[in-house]
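Using the sequences provided together with the hints, build the complete structure.
Residue numbers (the working numbering), protein chains in the order written: chain A, 11 to 223; chain B, 11 to 223.
It is worth saying that the hints were derived from the structure and are not from the lab.
Where hints are given, some of them may not hold.
A pair holds if it fits inside one copy or across any two, identical chains being indistinguishable in the list.
[What the hints assert, rightly or not] In silico lysine to aspartate or glutamate, EDC-like type, Cα no more than 20 Å apart, as pairs:
(1) Lys54 / Asp64
(2) Lys24 / Glu114
(3) Lys53 / Asp64
(4) Lys178 / Glu154
(5) Lys53 / Glu86
(6) Lys85 / Glu167
(7) Lys178 / Asp109
(8) Lys24 / Glu58
Number of protein chains: 2
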Amino acid sequence: MDLPYFYMMDFSSKIIERAVNEFSQLPGVGKKTALRFVLHVLKKDTDEVESFADALLRLKNDICFCKNCFNISDKEICDICNNPSRDAKMVCVVQDIRDVMAIENTGLFKGQYHVLGGIISPMEGIGPSNLTVEQLVAKIQQNEVQEIIMALPATMEGETTNFYIYKKIAPFNIKVSTIARGIAVGDELEYADEVTLGRSIQFRVPYSNQLVK
Amino acid sequence: MDLPYFYMMDFSSKIIERAVNEFSQLPGVGKKTALRFVLHVLKKDTDEVESFADALLRLKNDICFCKNCFNISDKEICDICNNPSRDAKMVCVVQDIRDVMAIENTGLFKGQYHVLGGIISPMEGIGPSNLTVEQLVAKIQQNEVQEIIMALPATMEGETTNFYIYKKIAPFNIKVSTIARGIAVGDELEYADEVTLGRSIQFRVPYSNQLVK
Chain A
11 MDLPYFYMMD
21 FSSKIIERAV
31 NEFSQLPGVG
41 KKTALRFVLH
51 VLKKDTDEVE
61 SFADALLRLK
71 NDICFCKNCF
81 NISDKEICDI
91 CNNPSRDAKM
101 VCVVQDIRDV
111 MAIENTGLFK
121 GQYHVLGGII
131 SPMEGIGPSN
141 LTVEQLVAKI
151 QQNEVQEIIM
161 ALPATMEGET
171 TNFYIYKKIA
181 PFNIKVSTIA
191 RGIAVGDELE
201 YADEVTLGRS
211 IQFRVPYSNQ
221 LVK
Chain B
11 MDLPYFYMMD
21 FSSKIIERAV
31 NEFSQLPGVG
41 KKTALRFVLH
51 VLKKDTDEVE
61 SFADALLRLK
71 NDICFCKNCF
81 NISDKEICDI
91 CNNPSRDAKM
101 VCVVQDIRDV
111 MAIENTGLFK
121 GQYHVLGGII
131 SPMEGIGPSN
141 LTVEQLVAKI
151 QQNEVQEIIM
161 ALPATMEGET
171 TNFYIYKKIA
181 PFNIKVSTIA
191 RGIAVGDELE
201 YADEVTLGRS
211 IQFRVPYSNQ
221 LVK
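Right, here's the structure in full:
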């Protein structure tokens with residue numbers, strides 16, 4: 011019922027209609043939410059709206075992808091890759107920059123990242139050629155990497171991508187691991203699904219390893 | 011748990027951080043959604059982003075409120091008020107421009123509108139002085155209006171506003187009605203709440219009135 015309603019929707023001005031269309035291109039935003047955003051922008055002061063528009067333009071003009079890890083950055087090489095205290099021999103492979111932020115927030119990883127820009131998903135038409143797999147292999151070929159940590163989602167697509175990359179880098183004989191799957195900290199066992207619980211038993215960790223040394 | 015996480019959030023660039031902050035000011039958008047929007051904008055072409063920024067600026071610079079009905083418009087007097095086939099003697103009072111669009115879509119109202127810009131809500135600090143009630147009274151004082159249709163939400167705040175406006179315009183001795191509350195078309199009686207069902211019996215409509223003449 012929603013679609014025909016908005017096809018007919020008579021915005022009081024072409025300018026409103028255009029702004030609604032621009033906002034509704036954002037992920038998860040329909041015409042109704044877009045209109046709500048537009049009404050909100052209309053209530054703002056002129057300099058606030060100018061600041062918003064400027065932030066958008068600067069985003070596009072000043073942000074590029076780090077040439078080494080494909081994280082977004084305002085420099086050619088991002089701050090993480092540029093930091094001499096980070097171990098370039100240990101590379102964590104992630105889906106996108108949000109994962110970099112999440113892992114950075116743990117404060118426990120001192121290596122570098124490699125942002126794939128997605129995971130293999132035939133349903134969405136994303137194949138290995140759309141990702142930065144070749145660049146990862148090139149990095150390994152240059153003998154720069156000793157260990158790869160795969161930190162992709164625990165989904166079918168994530169596992170497929172894990173396997174594809176594993177096959178690609180197997181010839182180089184370096185350590186490849188995935189992040190541990192298991193019961194989340196604070197979770198009750200009875201609510202965990204069988205696969206997760208099964209894996210957490212299969213890949214149990216010696217208690218002595220978990221003690222703070 | 012979410013807030014401290016994002017307080018610590020380490021965006022890889024100040025430009026990203028600024029854009030996330032701008033997007034997160036939109037209603038219902040948190041930092042996580044804002045970051046999703048930012049990543050989406052980054053993937054767009056430069057001219058698409060420029061068009062988005064331009065739409066925002068034009069929105070603020072070219073859109074004003076109609077001097078007669080306070081609907082948004084790109085002219086001083088909006089197309090509805092300017093339309094000679096619309097009956098200026100019948101005025102429908104609504105909360106905001108989204109309600110104008112919704113009523114316009116029915117195609118059944120041929121009068122003009124008066125947009126209040128909100129409803130009385132002490133909780134949100136919105137009093138009668140924040141609304142365009144005075145302008146409505148002025149319109150009535152100029153003998154331009156014969157009938158007022160209150161089309162405000164069927165909430166406590168809506169009813170309060172109805173009553174306030176009714177008291178204000180009672181001295182002018184014009185017809186004041188509210189839109190009918192009742193069972194929505196297509197709804198089953200058993201799922202309707204008591205108040206709505208009670209009202210729909212109390213304010214029943216002669217069947218002969220509903221026949222197409």
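So, going through the hints one by one against the coordinates:
Taking the shortest alpha-carbon separations for lysine 54 and aspartate 64, both the intra-copy value of 15 Å and the inter-copy value of 16 Å come in at or below 20 Å. In this assembly of identical chains, lysine 24 and glutamate 114 lie within 20 Å of each other by CA distance solely across copies; the values are 16 Å between and 44 Å within a copy. In this assembly of identical chains, the alpha carbons of lysine 53 and aspartate 64 lie at most 20 Å apart whether taken from the same copy (18 Å) or from different copies (17 Å). Proximity of lysine 178 and glutamate 154 under a CA criterion of 20 Å is satisfied intra-copy only: 16 Å inside one chain copy versus 79 Å between copies.
Proximity of lysine 53 to glutamate 86 under the C-alpha cut-off of 20 Å is restricted to the inter-copy arrangement: shortest distance 17 Å between copies versus 38 Å within a copy. For the homomeric pair lysine 85 and glutamate 167, neither the shortest alpha-carbon distance inside one copy (31 Å) nor that between copies (52 Å) is at most 20 Å. Neither within a single protomer nor between protomers do lysine 178 and aspartate 109 lie at most 20 Å apart by alpha-carbon distance, with minima of 22 Å and 58 Å respectively. In the homo-oligomer, the alpha carbons of lysine 24 and glutamate 58 lie at most 20 Å apart only across protomers (18 Å), although the nearest pairing inside one protomer, at 22 Å, exceeds that limit.
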